[in-house]
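There are 2 protein chains.
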Amino acid sequence: MPQKPQNTTFDKARQHARQTALLQSTLALLEWDQHTKMPAQAAAYRADQITALATQVHARRTDEQFGQWLAELASQTATETENQPPTDTAATVTGLKRQFDRQSKVPPELASALARSASEGQTAWVTARQNNDFAAFRPYLQTIVDLKREEAAAVGFQDHPYDALIDEYEPGMSTSQVSSVVKSLSEALVPLVASIADSSHKPDASILRRDFPIEAQEVFAKEVSAAIGFDYQRGRLDVTAHPFCTEIGPHDCRLTTRYDRSFFNSAFFGTMHEAGHGIYEQGLPTAEYGLPLGSYCSLGIHESQSRLWENLVGRSRSFWEHYFPIAQQYFSQSLSDVKESEFYEAVNCVRPSLIRVEADEATYNLHIAIRFELERDLISDNLPLADLPAAWNEKYQQYLGVASETNADGVLQDVHWSAGLFGYFPTYLLGNLYASQFFEAAERDLGELQSGFSEGHFTPLKTWLNQTVHSQGQRFDGPRLGKHVTGKELSHDQLLAHLKSKYQAIYRL
Amino acid sequence: MPQKPQNTTFDKARQHARQTALLQSTLALLEWDQHTKMPAQAAAYRADQITALATQVHARRTDEQFGQWLAELASQTATETENQPPTDTAATVTGLKRQFDRQSKVPPELASALARSASEGQTAWVTARQNNDFAAFRPYLQTIVDLKREEAAAVGFQDHPYDALIDEYEPGMSTSQVSSVVKSLSEALVPLVASIADSSHKPDASILRRDFPIEAQEVFAKEVSAAIGFDYQRGRLDVTAHPFCTEIGPHDCRLTTRYDRSFFNSAFFGTMHEAGHGIYEQGLPTAEYGLPLGSYCSLGIHESQSRLWENLVGRSRSFWEHYFPIAQQYFSQSLSDVKESEFYEAVNCVRPSLIRVEADEATYNLHIAIRFELERDLISDNLPLADLPAAWNEKYQQYLGVASETNADGVLQDVHWSAGLFGYFPTYLLGNLYASQFFEAAERDLGELQSGFSEGHFTPLKTWLNQTVHSQGQRFDGPRLGKHVTGKELSHDQLLAHLKSKYQAIYRL
Numbered sequence: 001m002p003q004k005p006q007n008t009t010f011d012k013a014r015q016h017a018r019q020t021a022l023l024q025s026t027l028a029l030l031e032w033d034q035h036t037k038m039p040a041q042a043a044a045y046r047a048d049q050i051t052a053l054a055t056q057v058h059a060r061r062t063d064e065q066f067g068q069w070l071a072e073l074a075s076q077t078a079t080e081t082e083n084q085p086p087t088d089t090a091a092t093v094t095g096l097k098r099q100f101d102r103q104s105k106v107p108p109e110l111a112s113a114l115a116r117s118a119s120e121g122q123t124a125w126v127t128a129r130q131n132n133d134f135a136a137f138r139p140y141l142q143t144i145v146d147l148k149r150e151e152a153a154a155v156g157f158q159d160h161p162y163d164a165l166i167d168e169y170e171p172g173m174s175t176s177q178v179s180s181v182v183k184s185l186s187e188a189l190v191p192l193v194a195s196i197a198d199s200s201h202k203p204d205a206s207i208l209r210r211d212f213p214i215e216a217q218e219v220f221a222k223e224v225s226a227a228i229g230f231d232y233q234r235g236r237l238d239v240t241a242h243p244f245c246t247e248i249g250p251h252d253c254r255l256t257t258r259y260d261r262s263f264f265n266s267a268f269f270g271t272m273h274e275a276g277h278g279i280y281e282q283g284l285p286t287a288e289y290g291l292p293l294g295s296y297c298s299l300g301i302h303e304s305q306s307r308l309w310e311n312l313v314g315r316s317r318s319f320w321e322h323y324f325p326i327a328q329q330y331f332s333q334s335l336s337d338v339k340e341s342e343f344y345e346a347v348n349c350v351r352p353s354l355i356r357v358e359a360d361e362a363t364y365n366l367h368i369a370i371r372f373e374l375e376r377d378l379i380s381d382n383l384p385l386a387d388l389p390a391a392w393n394e395k396y397q398q399y400l401g402v403a404s405e406t407n408a409d410g411v412l413q414d415v416h417w418s419a420g421l422f423g424y425f426p427t428y429l430l431g432n433l434y435a436s437q438f439f440e441a442a443e444r445d446l447g448e449l450q451s452g453f454s455e456g457h458f459t460p461l462k463t464w465l466n467q468t469v470h471s472q473g474q475r476f477d478g479p480r481l482g483k484h485v486t487g488k489e490l491s492h493d494q495l496l497a498h499l500k501s502k503y504q505a506i507y508r509l
Numbered sequence: 001m002p003q004k005p006q007n008t009t010f011d012k013a014r015q016h017a018r019q020t021a022l023l024q025s026t027l028a029l030l031e032w033d034q035h036t037k038m039p040a041q042a043a044a045y046r047a048d049q050i051t052a053l054a055t056q057v058h059a060r061r062t063d064e065q066f067g068q069w070l071a072e073l074a075s076q077t078a079t080e081t082e083n084q085p086p087t088d089t090a091a092t093v094t095g096l097k098r099q100f101d102r103q104s105k106v107p108p109e110l111a112s113a114l115a116r117s118a119s120e121g122q123t124a125w126v127t128a129r130q131n132n133d134f135a136a137f138r139p140y141l142q143t144i145v146d147l148k149r150e151e152a153a154a155v156g157f158q159d160h161p162y163d164a165l166i167d168e169y170e171p172g173m174s175t176s177q178v179s180s181v182v183k184s185l186s187e188a189l190v191p192l193v194a195s196i197a198d199s200s201h202k203p204d205a206s207i208l209r210r211d212f213p214i215e216a217q218e219v220f221a222k223e224v225s226a227a228i229g230f231d232y233q234r235g236r237l238d239v240t241a242h243p244f245c246t247e248i249g250p251h252d253c254r255l256t257t258r259y260d261r262s263f264f265n266s267a268f269f270g271t272m273h274e275a276g277h278g279i280y281e282q283g284l285p286t287a288e289y290g291l292p293l294g295s296y297c298s299l300g301i302h303e304s305q306s307r308l309w310e311n312l313v314g315r316s317r318s319f320w321e322h323y324f325p326i327a328q329q330y331f332s333q334s335l336s337d338v339k340e341s342e343f344y345e346a347v348n349c350v351r352p353s354l355i356r357v358e359a360d361e362a363t364y365n366l367h368i369a370i371r372f373e374l375e376r377d378l379i380s381d382n383l384p385l386a387d388l389p390a391a392w393n394e395k396y397q398q399y400l401g402v403a404s405e406t407n408a409d410g411v412l413q414d415v416h417w418s419a420g421l422f423g424y425f426p427t428y429l430l431g432n433l434y435a436s437q438f439f440e441a442a443e444r445d446l447g448e449l450q451s452g453f454s455e456g457h458f459t460p461l462k463t464w465l466n467q468t469v470h471s472q473g474q475r476f477d478g479p480r481l482g483k484h485v486t487g488k489e490l491s492h493d494q495l496l497a498h499l500k501s502k503y504q505a506i507y508r509l
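Chains as they are written, first to last, in my numbering: chain H, 1 to 509; chain G, 1 to 509.
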């Protein structure tokens, strides 16, 4: 591999991480290709290619010499971080050491047991969901929960084993902090959703189920995602069964979406969402690619960027003032008899439902609240697995007033637990909270943004996010970045105010 | 990486090579993606990713322990290869050792000087070709020629330094053997081409320059390539500036082509050609992927498969008896007033020209003859670089009766020399010779094939090639495989007979 002159331990550690990133990003290409372009029969060999490269990446990340460099550097930079933003050096050392420590603390046997349980768990989950058979899945889930507890013990935690699991996705966030914000948000949302359900005014969401030719959907989605700031010279948009955003290099960010000819929302809001992720990735400092200052802060912050563009921009009235006439041109057969106000209300229709991924901007948070409270209790052993389906249904009744008739539409609906992703769900809700707080801070700094949106101007907001959020990489953890940018602690106030104000108008509350 | 139990030295060497193949095939994906899907600005980082993986692959191929295993195995299997086809073990050891020895004989400094000269040479060539400025390119070419001579000396040869360069692409073939067959073929082709030029019958090739909508071209090319045997469950077809075929795994073979709405031949015959390569790759023993018995024999044999399907099948009268009515359906606007016989003659139009890649089935070989004779003399130092442009023009006059007005259309037309690919050109001509000989042997074994083609049946020929050629991998070198399959030594007889018979009918000679 090409080597630059390496003078200091810092240079050596940086260079090591950058070389790892070359392999990590190649691994990302293997995975992107698997989901988008790979011929059907190539799957088995692709798994071997991925394993070979993932093994190398893991070995480099837990390399002993690398760890010694980081320990040496950490002892030199430890005092720099008091009462001021971390320097580039301190942030780099902290970030690298954090990743090294976490990966090194998990013994190789536990790591492979976790990987195996996730692989077997996902296979078992697919079948169990098809057969609506939670009992068949339960032993796999029990193994996964037990191993995640072992992982938490190996990683270490202060108050709650779940802390160690959140830490993988949202460093700096604690179980008690998430519990508190989830509780206060839920208590405020449940009556809001109930009053929406009671409203006599019902937006006509059926207009979104008319005929939307796929070619036009693709052109429109690309036009809008480019307009909000996703750079197609440094990225792509392809089709997959499950949409995602991945990074294959500092100038190679790839989005995917799925098109449903009979449903406008899937591709359009899916692309807005993934483009939000992509704009974040494209806004990270490219010179620091593969290093903490060039990496995303946390999954919650990542999700804040996707939710901000999808919901706070893409579902705003002013956005559709600009784009509805354009949408009418693309989909003249389906939208010529629709008013802009009707379309705006349709894309903001609130309806308590069983399925998370189809949920609207308001009820989505309640789906997450349910999952968070259940998985927290599973990990702390307060909830036996045998009681999980009943607990799930009880919470759906309590928070959303709906009841699933099957476990397939209930406790078996998401892939996350079968894949061992405990601690991941809260980042979806944190993303919504951060997004509202960032948006408020952007309007504090830039003035109101809606009049710009109504003329198709998104650059001020995108540039502000580049400067305040994206450019920081991992200089701060999520909670500290939020405070640094907004001046406020994490809170449900802004999200709730936004939802109340929007839905009071739409539903005449 | 996942390891199977390794009992013997042979197992260990095989396993080493298979793990290398996981990385090599990942490298192939990086390169395929670069040409087909990669965003514009990702090029610089992609070069770093490719370098990182290529360095690993090279290190594994020249690994000292691996070399010791191979030396040990070679001493055990040396006596097995007398007077009978090599066993699986012997062929595997010979093939692995051959690659190891060749790569190990080139000192690292020479290897990196060669890589640098090729990279700089290609950049200089692009500019020189644009500016029609051979003098600007000459010093780069001189460096490359000097380094290729050094490489030949390092690798070793018996009679001619060019032997060592051919050996990289066509093991078992010698300079004198190529010289001899090129001479005899050229002597027979020059008068044939001249008599064609003198014929008063001129096929109307302009019908191929009508309007052929690209979507229909793509569907038609996929239909035909699938019909001749390319398996799209194990492969793809994409668009690139320069068509190629690459292998990303044992069940992942990818073709590319380019579409010209105003020229039928580009995509159609390009896809037939690449599909021929692909059918060969897909016919190699998948259980031996990454090992000699699962690898293509030589570039000449590879080219024989592409030329066979492109020319001997795709430009045959019986092929168009079946496919012309179908082509008329796809391109009704452009072909409804064309007769099948006119179309057949158009795709077989012979016209001496300056540009190799646009040449027909007959004159193509003369373009190669010219390049071979010049590069052979450059490497043996019988031709000073200063005299190259004049020598080029003289040979074009002599063999094809045409003269280029510029070096851009003359000595600067091909990328090969700028990339250090000396010894590569003859494999194009060898491919045509092998193809004719294989086709004759197939009809010897299967009976005449044309009546099947005229009904759209290609499976007998494809299966025969699978069994006789593809299944052998590298058990034999090219010349020995040809002899094994056809019972005959390499000769120009079959190709010449094919061309004479075809063109006598078309041109009423």
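Please note that the accuracy of each hint is not assured.
Since copy identity is lost for identical chains, a pair holds within one copy or between any two.
Unchecked claim - Listed next, the in silico SDA-like pairs over lysine to any residue satisfying Cα-Cα at most 20 Å (straight line):
{"#": "1", "residue 1": "Lys500", "residue 2": "Leu490"}
{"#": "2", "residue 1": "Lys462", "residue 2": "Arg234"}
{"#": "3", "residue 1": "Lys12", "residue 2": "Ala52"}
{"#": "4", "residue 1": "Lys222", "residue 2": "His457"}
{"#": "5", "residue 1": "Lys222", "residue 2": "Ala40"}
{"#": "6", "residue 1": "Lys37", "residue 2": "Arg236"}
{"#": "7", "residue 1": "Lys500", "residue 2": "Tyr364"}
Derived from the structure by calculation, the hints contain no laboratory data.
We went through each hint and held it up to the structure:
1. Lys500 x Leu490: within (19 Å within a copy, 84 Å between copies)
2. Lys462 x Arg234: within (16 Å within a copy, 42 Å between copies)
3. Lys12 x Ala52: between (25 Å within a copy, 17 Å between copies)
4. Lys222 x His457: within (16 Å within a copy, 44 Å between copies)
5. Lys222 x Ala40: Close across copies (16 Å), not inside one copy (27 Å); limit 20 Å.
6. Lys37 x Arg236: Both: 13 Å inside a copy, 8 Å across copies.
7. Lys500 x Tyr364: Classified as within: same-chain Cα gap 15 Å, cross-chain 75 Å, threshold 20 Å.
In summary, this structure violates none of the numbered hints.
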